[in-house]
Every structure is written in structure tokens, then in C-alpha cells.
Amino acid sequence: MLMTNRRFLRLITLVLAGTLVISLLGCTPSHPMSTFDTVGPVARSQAILFYVIFWVGLVVFIAVEAAIIYAAVRYRRRKDQGDPEQIHGNNKLEIAWTIVPVIILAIVAIPTIITIFDNANSPKTPEEGGLLVEAIGHQWWFEFRYPESGVVTANELHIPVGEVVNLNLASIDVIHSFWIPKIAGKVDMIPGVGNTIWIQADEPGEFYGQCAEFCGVAHANMRFKVIAKPKAQFEQWLQDQAVAALESSDPLVIEGYDIFMSRRVLCFRCHTIDGPGIARGTIGPNLTHFASRDTFIGSIMDNTQENLLRWLTDPGDVKEGNIMARDAEVYNGTLPSLTESQISALAAYLRSLK
Amino acid sequence: MTTKVFSIPRPIHPTGLWGWITTIDHKRIGLLYGVTAFILFIIGGIEALLMRVQLTRSELDIISPEVYNQLFTMHGTTMIFLVIMPMGAAFFNYVIPLQIGARDVAFPRLNAFSYWTFLAGALMLNLSWFLGGAPNAGWFGYAPLTGETVNPATGIDFWIISLQILGVASLAAAFNFIVTIINMRAPGMSLMRMPLFTWMTLVTAILLVLAFPVITVALIELFFDRSYGTNFFVVAKGANPILWQHLFWVFGHPEVYILILPAMGIVSEILPTFSKKPLFGYPAVVLAGVIIAFMGWMVWSHHMFTVGLGPIPNTVFAITTMAIAVPTGIKIFNWLGTIWQGSIDLRTPMLFALGFISLFTMGGVSGVMHAIAPSDAQQQDTYFVVAHFHYVLFSGALMALMGGIYYWFPKFTGRMYNETLGKTHFWMMFVAQNITFFPMHFTGMDGMPRRIYTYASGMGWDFWNEVSTAGAFLLAISFVIFIFNIVKSWRNGDQASGDPWDARTLEWSISSPPPEFNFVEIPTVRERDDWWDRKRQHSEEIVPAGEIPVDEEHSIHLPQPSYWPIVVSIGLLTLGYGAIYSIPVGVMGAVIGTIGVYAWSFEPVNEPY
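Going line by line, the protein sequences match chains A and B.
In this text, residue positions in the first sequence follow my numbering: the first is -17, and each later residue adds one.
In this text, residue positions in the second sequence follow my numbering: the first is 1009, and each later residue adds one.
In isolation and in its complexed conformation, chain A is listed as follows (with noise of 0.2 Å):
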């Protein structure tokens, strides 16, 4: 009986330390999305007190199931074994197992609340001079606006390197949140009622962002991404976005603009682009420095002129639910669908808006 048991704890040993290790290869931190990879200080201050939390409950679970293990090999019941004895409880050990519990939970509380108030409060908020951005959430796509220099882009964030970056989140349909796992956790786009979430990037890099709360047919395909550069190249973005792209002569490009703002096409009713033209429509992302961008449609494809002729001939085919397929008039049907030389057209005049 007593090598059996000691078989079955080993077996048991065994089962665990394959779990833990399991476990570490589970969250290896080096995935886009981890939220243990952290670079900046609100993920960072999120992730520690993650493993706070995770090393107290991993030594309850193991208590708990250890417990049970135990009993259940060392309690087995045996072959003509009576009854046990009766126990009806035991106080001061139950009082023990209120009261641990209760002390253990109100020291972890403590970094809990000071975390939550660090994460409100912005070390620097915009009237103290820190940045201000305003990141609008639409079905399903990411709209940036830099207030101060009046830069309006979609789906990329520029921020600066090592400084603070306020947003304020608004939604104009329905709820969604804002999230970028290395540098911040989610914090909802409400519409009719405002946010705000400070975020820092300590490193340069790109980092994906993603809406974490439902909002419909396309909800999986609601991406972003977060550009962190140097304050110098930051400014430098920042510059040349505020101005309109450079007019080309190309014809094609000419022919495309033409489209693009024509009665029979009607692009410019949703989309801006800034410079000549009558396009100031606010419905679609604006489209000012489109060819500027690394991607497009909500982040998920890269921004070539492969996927770019691919979206502007079915973009109900490339993201299924998406509004410009379903209410731009050349693509519902009510209209007659654009040529396969208006495309490449059009596609050339995008790819110049540099």
C-alpha cells in the first residue's frame, strides 16, 4: 500500500512539473500581442501585478489539489473498513481557513488600489503639456486626430518614444476598446460618453493594437497599430502629414483624382483628403497621406498595390460586413461597379497621396 502511494505522488510530481513547464512554454513572451512583453509603464505595472496574483494563487491551487490528491490515495477506503469517525467540523481550524484567506487578500489589495489610481492619473496630463491625441472608434476601423497640428490619420498611431501620450477615446456607433497589449491595457470607446488612457512606449518599435469589445460583423478584422519612434522622427511625421500630399502629373493619377472625386463615384463623400478637391467627408478614414501608411482596412493587410486593387474591387470580399461595400453606391449595386482601369486608376492616385 505505502509503495503504491509513493508511486502514485511521484506519478503526481511528475503530472505538475509537466504542467509548470507547460505552462512557461505557454508564455513565452516573444508573441506580437503578449502582455507579459511589456514597453512601457502602464502594461508593465499591469503585468507585475499579474505575477503577484499568479505566484498566490499557483500556491493555493497546488495546497488545494495536493489536498485532494492526498486524500483521495491516502483515505482510499479499504475492504471491510466501518464506518469513520463522525467529524462534525473543527472551529479554530475553520476559523484559520476565514482568516487566512482574508490577510493574504488584503495585502495583495494594497499594490491593487495604488496601481489602479497610477494608472487614472496621467504623470502628465495635456494642460501640464504632455500630448494629446484623440482616437475615435468606428465600425471597424481606428481614427487618430492630433488635436495641436491638426493631423487626422486611421489605424497607425505615431507616438513619441519615452514620453507620455494622453488619449482621449469616443466611438461614433457602438462600444469599442482600445487596446494594445505591450504598452497599455483595454480601456472601452463609449459613444456619447468619453475616455481617457495615458499610454507610454519606453522603446522604439511597432506595436499591434487590437478592439477587444465586440462591435459587429467585423469586429476580429478592427485592428491598429501603435508606431513608436524618436521624438525628432515623431515631429517629422508630425509635419509632414499636417500639409497636403504633393500633386503628381502622372495621368493615371490625374484620371484617378478625377474619380475619386466625381458625382458618378462619389468617393469623396466619405473621405477626406486634404488639397484640391471637394473631399471632406468624415465617415470613411481619411485619406490625406494613405500611400504614408504601412497598412489599411482596419489594419489587416498590408497597404501594396496588390491588396489595394483587391480592395477597391470587392471590399465586401476582403472584409466581410464593411460599411463601403454596403453603402458606397458602386458597390452596392445601385450604381454600375467601377472598370478595371477606374480601379487601376484609382489605385494610382491613393498610392500617390505620399
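Calculated from the structure, these hints are not laboratory results.
All residues carry an ideal CB built from backbone N, CA and C; glycine is no exception.
Do not take every clue at face value.
[Unchecked claim] Cross-link-like lysine to any residue pairs, in silico, SDA-like; alpha carbons within 20 Å at most:
id: 1; chain 1: B; residue 1: K1431; chain 2: A; residue 2: A53
id: 2; chain 1: A; residue 1: K74; chain 2: B; residue 2: P1286
id: 3; chain 1: A; residue 1: K74; chain 2: B; residue 2: L1344
id: 4; chain 1: B; residue 1: K1431; chain 2: A; residue 2: A54
id: 5; chain 1: A; residue 1: K336; chain 2: A; residue 2: A226
id: 6; chain 1: A; residue 1: K207; chain 2: B; residue 2: R1458
id: 7; chain 1: A; residue 1: K74; chain 2: B; residue 2: W1348
id: 8; chain 1: A; residue 1: K106; chain 2: B; residue 2: I1047
id: 9; chain 1: A; residue 1: K207; chain 2: B; residue 2: S1465
id: 10; chain 1: A; residue 1: K207; chain 2: B; residue 2: M1467
id: 11; chain 1: B; residue 1: K1543; chain 2: A; residue 2: E67
[What the hints assert, rightly or not] Covered by chain A, according to a simulated footprint, are these stretches of chain B (three or more residues, beta-carbon under 8 Å):
id: 12; stretch: 1121 to 1130
id: 13; stretch: 1216 to 1225
id: 14; stretch: 1288 to 1298
id: 15; stretch: 1359 to 1367
Given chain A's structure and the hints, the job is docking chain B onto it.
Same frame as chain A, but now just chain B:
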């Protein structure tokens, strides 16, 4: 008697299909609940498998996003309202009157009405698949995604109406069980002598009565927004959509305890029986259940840590949520105390009960992690949360319910299940659910959001999603074994004695299956585990079942079958359908329902037989 308008006599001794339609026997209703809920469990499970197939790898294109959204909405709504709740109700129905020494529930016809209304709600919800698409805004239905402008399809209307119908069923059942437990206990069974399962049923029923009105009001407001142009949740007209979230979670969090408390009750029955020891710290376990139910009302905003309520509300709800871990811990430790130094028999129900404790603890620990508001901001709406609540509701509630099925199977059917198949089911389910749900902790912490029908490659999520999908199919196979075992054993399992487990509570003092009238003579209760006490201390009093003469002199008064509960439920179903599609049909439903209630009230009583 002169006021009698209808004079349709009650059905007398009906058999076959009519017997089931007109039954008011709590045991038959319990079986109806159980079988129906299990069929719905298969439907909800198929929905889950379809989602798992779509998520096996990145960028798969098997299920369209619209259908995927319908699948997860229906999976959640089905598993919560149509599977775990009614499975709990199945046990309430079958077991409670037997445990408290009663012949039936307090309101037998209302009990039948609860079942038929639950069935009506289940039909209504699933009808939506064929009538313009299922609801697609999640089981939580956040405004304004459920609003008419963004979501004009009828799926949401079906969701609203079927939840309302299910609410009626749940409320009727809850009132019934509160009255039954308070008023119909056998003489001598004081509150602190009640079996734990009865206690947890009472607490659950009280929670139901308090929680459902909240969601009812929210759903009425939403329905009015969609149908009659009110502006409760219409942001363009100045509404604040967070109102919905408060209403939903003020209901939704107690709902979580509505799902788990019956499971805890079942486990608290199984552990003492198979350890041959009384429940350790009975008063503490009872009190912990009551405290959990009470505190369940103070934690709803932990579902809303990312809404931006501000640091002070987040602090308050973080603390209350951590605090609720304490009574939960008390339960777990007392269960361990129960098996400690016991005489443990590892039969299938016991395996499920121990499996429940071990995996529910995992869900409890990840639950405390969610209480830490700042780190929850990373976990909220990710697969980490999906892992958490599947550990609590699948590995927790459902495992306990499965254990309950095996535990009371001999009592329900009079036959023994196959032990080998039962254990195979347990081990396969135990392993498979960990393969399915444990990797979700990893994908969640790796940044995979919930409710996405696809994800980009290169995120590092592919491998663990493949593992999850494989686990889900293994889980499905384990349930094939379960079904095979149940069907085969129900038909020709070994005959079960009245008390095959040497158990402790009153339901084991009568034959299996119990006679229609349950107890020939209502027992008098002296102790907490009265049946155990009688067996050990007063065995001379026990008269073997079958040797008690049931003669004219005993003249057992039993409630009689009735046509009207199902008629009222059909009226409700028609009314609900009409509310979505046409007012005349709705009026027709109201008329049918009214006639049913009227006839119900004036139903004659047959002469005693």
C-alpha cells in the same frame, strides 16, 4: 360550484404521451427538464465545435463572421439559460421533495407550467435560426449594438422575447421551490437540518426571484427601443449605453451564482456519501453559500473594469470581488475537511465531485486574478476570461451536474449505470476539458481577444488553438460515451436498490424509482443526516420498501394531472411570436393564455382514488 364556467374534467390516470403532457408529478417533470436540457446541451455543444473548427488556425474561412457571431451568442445563451439552469431545475424537481420528505412541490401545476414555459422559451430562441438568423450581439447584448439602427434583423427580438419567456419559467419555478422548501419539510426538519442541496436550492431560488426582474426590465426597455421608438439606449437621442451594462450585470453576476450554487449543493451531497462522513462544518458551508449569494450583488462592476467608471468604483469592486473569494474558499476547505479521514469510495459520482473541486479551484484562482482591476484590463475580453469561466461553468457547474446525474441515476431510473463506462467518461472528460480550456489561458495572455472569428497568423496563437480544438472534439467523444451509458443502463442496467450508496439523506430511504406518492408515511426527522442516523442508530424502525401496505386507510392525497399548464405556455409562446411579427397573433396568444389561466383556476378536482 355555480360559478363554474368550464367543466372540462381533469385527466384521469393518463398514460403514454398524454401522461407526460398532463403530468404534474415532480419526478416526471424533473426527467423532462433533464432530458430537454441535455438535448439543448448537444445543440450548444455543436455550436461550440463549429466555432472551434473555425478557430483551429489563423485566417481560416470556414464559417462567415456573421454566422460565427450568431454561434457564440447562441452558445452562451443556450448553455446558461437552456442547459445549466434547467439541469439545475431538473435536480430541484426530482430531488427536493424527496430530500425534504414531501409528496410533491407546493404548486404542482405551476411546476408543470414552468417546464412547458422553459420549453417554449427554448423553442423560441432556436426558432430564430430559421426565421432570419439567430441573435448576433453576444449573450450580454451590449447596447447600442443591439439597437435597431445598427442591428435591424429580428435575431435580437427573438433573443429578447425568449429570455422574457424563460424568465417567466424561472420565476414561477423559483417561487414554487421557495414555498416548497419553507412549507413542506417533513416534521422535525428544521432549516439547519436540511440537506445542503436543499439549502443551495433555496438560496438559488431566492437569487432568481431577485435577479430576474432586473433583466426583465432591461429587456422590456430594449424591446421598446426597438419596436416603439423609445430612447433608453439610443445614444443619438442622448442615452447612456452604460445603463445597459449596469442592468445586465446586476442581473448577470447573481446569475453566475444561480448557475454554480446548485452545483455546490450537489457536490456537498456526493462527498459525504462517498466518504461516509458528515459534511465538515455544515453551518459554515450553509452560511458561506448564503454569503456568496448576498455578496453576489456587490460585485457586478468587475465585469466593467474597462468601462472607465473611475478609480474609486474600480477599487470598491476590486475589493468586494476579492472578498467573495473568502466564502468560496471556505466551501472548498470544508469539502476537503469532509473527505479527510473519510472512507473514500472513488465511484463515478465521487470522481466528478473531486474533479469539480480541483478544476473549480482553478476557475476560482483565475477569478481572483480578474478581481485585480489593473491586471484585468489586460485580461478583460480575452481568451483568458474564456478560460476562466469555462473552468467555473463547464469544469465547475457542468461537472457537478454530471456527478449529480450519476449519483441520482439509480434513484431516477431504478437501475444502475455502468461503472466502467462512467469512469471512462469522467477521465476522458477531465483530461479533454483541460486540453480544451487550459491553453486559452495562454492565448488570452498572449493577447487573443474573445469573439473574433479569425486572427492573423504570426501572433503565436495557432498552436494553442489547434490544441483547444482537438480537446473540444475529445470532449464531444466523452459525451458520446455518457449518452451510450445512460441510454443502455436506463434500458437494461442492473436493478438498483433504494439505497445503493449507503447514503445519508431521505431520498435514499424509499425505493428506486420512488413510487408516485414518494413516501407512504411522511418521515419524522430527528437529525441532520436523518436516514444515515436511522440506519446506524434506529435500524429497527426501518420497514423495507414494498412491505408497507398501501391500503385505503392510508388514503394518500396526490395532486392530479392537468391540461392547463401547457395551454398557458402555448399562449405565452404565441404571444411572444406575435410580439415580434404581428399584433393579431399576439392577441391570439394572450387569449389562449387567459383561457388557460381561467380554466386552470376553475379546474375541478377528481374524487380521490
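Cross-check of the supplied hints:
1. B:K1431 <-> A:A53: It holds: about 19 Å lies between the C-alpha atoms, which stays within 20 Å.
2. A:K74 <-> B:P1286: 18 Å, holds
3. A:K74 <-> B:L1344: Cα-Cα ~15 Å, so holds.
4. B:K1431 <-> A:A54: This hinted pair holds, its Cα atoms lying about 15 Å apart.
5. A:K336 <-> A:A226: Holds: K336 of chain A and A226 of chain A sit about 9 Å apart, inside 20 Å.
6. A:K207 <-> B:R1458: 19 Å, holds
7. A:K74 <-> B:W1348: Answer holds: K74 of chain A to W1348 of chain B is near 16 Å, not above 20 Å.
8. A:K106 <-> B:I1047: Given pair K106 of chain A, I1047 of chain B is violated - Cα atoms ~57 Å apart, limit 20 Å.
9. A:K207 <-> B:S1465: Satisfied, since the Cα-Cα distance of roughly 16 Å is no more than 20 Å.
10. A:K207 <-> B:M1467: Measuring from Cα to Cα gives roughly 14 Å; hence the hint holds.
11. B:K1543 <-> A:E67: 16 Å, holds
12. 1121 to 1130: Answer violated; 0 residues pass the 8 Å Cβ test.
13. 1216 to 1225: violated (count 0)
14. 1288 to 1298: holds (count 5)
15. 1359 to 1367: holds (count 3)
Figure legend: structure checked against the earlier numbered hints; hints not met, in rising order: 8, 12 and 13.
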